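4 protein chains.
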Amino acid sequence: MKIRVYFEDTDIGGIVYHTKYINFCERARSELLFKHGLKPFDVATNSGYVVKSLECDFLKTATLGDILEVRTSLLSRSQASFTLLQEIFKEEERIFSMRVTLVALKNGKPTKLDPQLLALFEGVDK
Amino acid sequence: MKIRVYFEDTDIGGIVYHTKYINFCERARSELLFKHGLKPFDVATNSGYVVKSLECDFLKTATLGDILEVRTSLLSRSQASFTLLQEIFKEEERIFSMRVTLVALKNGKPTKLDPQLLALFEGVDK
Amino acid sequence: MKIRVYFEDTDIGGIVYHTKYINFCERARSELLFKHGLKPFDVATNSGYVVKSLECDFLKTATLGDILEVRTSLLSRSQASFTLLQEIFKEEERIFSMRVTLVALKNGKPTKLDPQLLALFEGVDK
Amino acid sequence: MKIRVYFEDTDIGGIVYHTKYINFCERARSELLFKHGLKPFDVATNSGYVVKSLECDFLKTATLGDILEVRTSLLSRSQASFTLLQEIFKEEERIFSMRVTLVALKNGKPTKLDPQLLALFEGVDK
Chain A
1 MKIRVYFEDT
11 DIGGIVYHTK
21 YINFCERARS
31 ELLFKHGLKP
41 FDVATNSGYV
51 VKSLECDFLK
61 TATLGDILEV
71 RTSLLSRSQA
81 SFTLLQEIFK
91 EEERIFSMRV
101 TLVALKNGKP
111 TKLDPQLLAL
121 FEGVDK
Chain B
127 MKIRVYFEDT
137 DIGGIVYHTK
147 YINFCERARS
157 ELLFKHGLKP
167 FDVATNSGYV
177 VKSLECDFLK
187 TATLGDILEV
197 RTSLLSRSQA
207 SFTLLQEIFK
217 EEERIFSMRV
227 TLVALKNGKP
237 TKLDPQLLAL
247 FEGVDK
Chain C
253 MKIRVYFEDT
263 DIGGIVYHTK
273 YINFCERARS
283 ELLFKHGLKP
293 FDVATNSGYV
303 VKSLECDFLK
313 TATLGDILEV
323 RTSLLSRSQA
333 SFTLLQEIFK
343 EEERIFSMRV
353 TLVALKNGKP
363 TKLDPQLLAL
373 FEGVDK
Chain D
379 MKIRVYFEDT
389 DIGGIVYHTK
399 YINFCERARS
409 ELLFKHGLKP
419 FDVATNSGYV
429 VKSLECDFLK
439 TATLGDILEV
449 RTSLLSRSQA
459 SFTLLQEIFK
469 EEERIFSMRV
479 TLVALKNGKP
489 TKLDPQLLAL
499 FEGVDK
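Residue numbers (the working numbering), protein chains in the order written: chain A, 1 to 126; chain B, 127 to 252; chain C, 253 to 378; chain D, 379 to 504.
Simulated from the structure, these hints should not be mistaken for lab results.
Keep in mind that a hint or two might mislead.
The calculated lysine-lysine pairs, modelled on DSS-like cross-linking and capped at a C-alpha distance of 25 Å, are [said to hold, decoys possible]:
id	chain 1	residue 1	chain 2	residue 2
1	D	K417	A	K60
2	C	K342	B	K186
3	B	K165	D	K490
4	A	K60	D	K487
5	C	K342	A	K2
6	D	K490	A	K60
7	B	K178	C	K312
Which chain D residues face chain B? A few, computed with CB under 7 Å, are given here [said to hold, decoys possible]:
id	residue
8	Y384
9	G443
10	E500
These numbers were taken from a predicted model, which means no experiment stands behind them.
Note that beta-carbon positions come from the ideal geometry of N, C-alpha and C, so glycine has one too.
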């Protein structure tokens, strides 16, 4: 998934504000679901996925107008949670790397992961 | 209400990103309600206030570390909507001015304004 | 320009936070410049465009997963400023409308508009 | 440092959007500097602090109107970087925990840490 850096993503330092990279990764996760007719959150059933933990490294910076690419792969999974590796590239250079663990919740309680969702993340290469 | 400008509010131009001033005004409206035990949005009854229209003038700029003050006054009201004047000051200089019209909604439909809320906005001087 | 609504754009009301529509319009303005090799802000010469004033109407709402389209047209212009009409559509229904006036600045002072930029906005139909 | 949760901090799930907790921690770091006359970023000398890495755990959620408290302590430091533990509490319950490593940069290159800044973070208890 390609993402353009706009004004709202930058800060006074002239570069992208650090948590925006984490938002970009969330957009990439959601986009993958939307494209396959799945919903990252369903109001009707009050079910969705929440971030349980994350670890990230800020390797290089990006700035206004840059086009970034988010690449996602599945690292591991259990009954109700899964861990992804998400990396952001700027012209083939890796500038950000994150391991993020998500939990499936229904009415605020952990629930079994949707197998269709896991298949999606197992299948991605970009 | 006083608001500090942080990194996330600035952009690459070195100043506050334009829509952040509008967010600051929203914070000031919400804060007034919170302080008086009212809620700007109630999940249980699905009722709250939405912005119908706004007009704003960006007069001067603010930057990282500035402390801004939002002043709010009631301009007019009808059965289901009301219009506020909200101005932002930096050390007594007015840097932003906005007229904003809000509508009371319940389950997505206009509803009568809460008289307690109007009394609040009629009473404010800051 | 098409824009997907992600989590970060929504709020507890279940819809897009009001100032996000204004950000979406800024993205559309910047994207038009980027696509034609122009920069909305140039650090080296400290020149760019700032929003002087805006008027907007919130007509309908959008929510998570919606794909919105921003359409932009030039309303008027003077030596150092220009006014655009920007409208947001959801499946051909207009949900947001804004008139925004921008000023060209160099080192914080108004400067003559770039004719290349005006030609761009005169030429847009989407 | 106390922080109120506003509309812009929440998402359609009815809770605070995950990266906002990380922003709240950044506000707390900056506020500590502002209060002591230091700047987290100086345009004139192009020097400041950037986030190198972070690890965080999302333990509980917060929602609109909540008042959160960020507590910060120094975990370790080297010549050009330092690591903080930042925790967010809601009424004495810990809802978020983060280890963040920051690097001092001048013109984009690592530089020696300001001893005044370290003294600040060594001295904080909240």
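A quick look at each hint next to the structure:
For the hint linking K417/D to K60/A, the alpha-carbon distance of about 23 Å falls within 25 Å, and the restraint holds. Between K342/C and K186/B the alpha-carbon distance is near 34 Å, which puts this suggested pair outside the 25 Å criterion. Restraint check for K165/B and K490/D: not satisfied, since their Cα atoms lie roughly 48 Å apart, outside the 25 Å limit. Distance restraint check for K60/A and K487/D: the Cα-Cα separation of roughly 12 Å lies within the 25 Å cut-off, and the hinted pair is therefore satisfied.
For the suggested pair K342/C and K2/A, the alpha carbons sit about 22 Å apart, so the restraint of at most 25 Å is met. Proximity of K490/D to K60/A is assessed by CA-CA distance (about 20 Å); at most 25 Å being required, the pair is judged to hold. For a cut-off of 25 Å, the pair hint linking K178/B to K312/C stands: about 9 Å separates their Cα positions. The interface hint given for Y384/D holds, since its Cβ lies 5 Å from the closest Cβ of chain B, which is under the 7 Å cut-off.
Annotation: interface hint on G443/D holds; nearest CB of chain B at approximately 5 Å, less than 7 Å. With 7 Å as the threshold, the beta carbon of E500/D stays out of range of chain B, its nearest partner Cβ sitting at about 22 Å, so the hint is violated.
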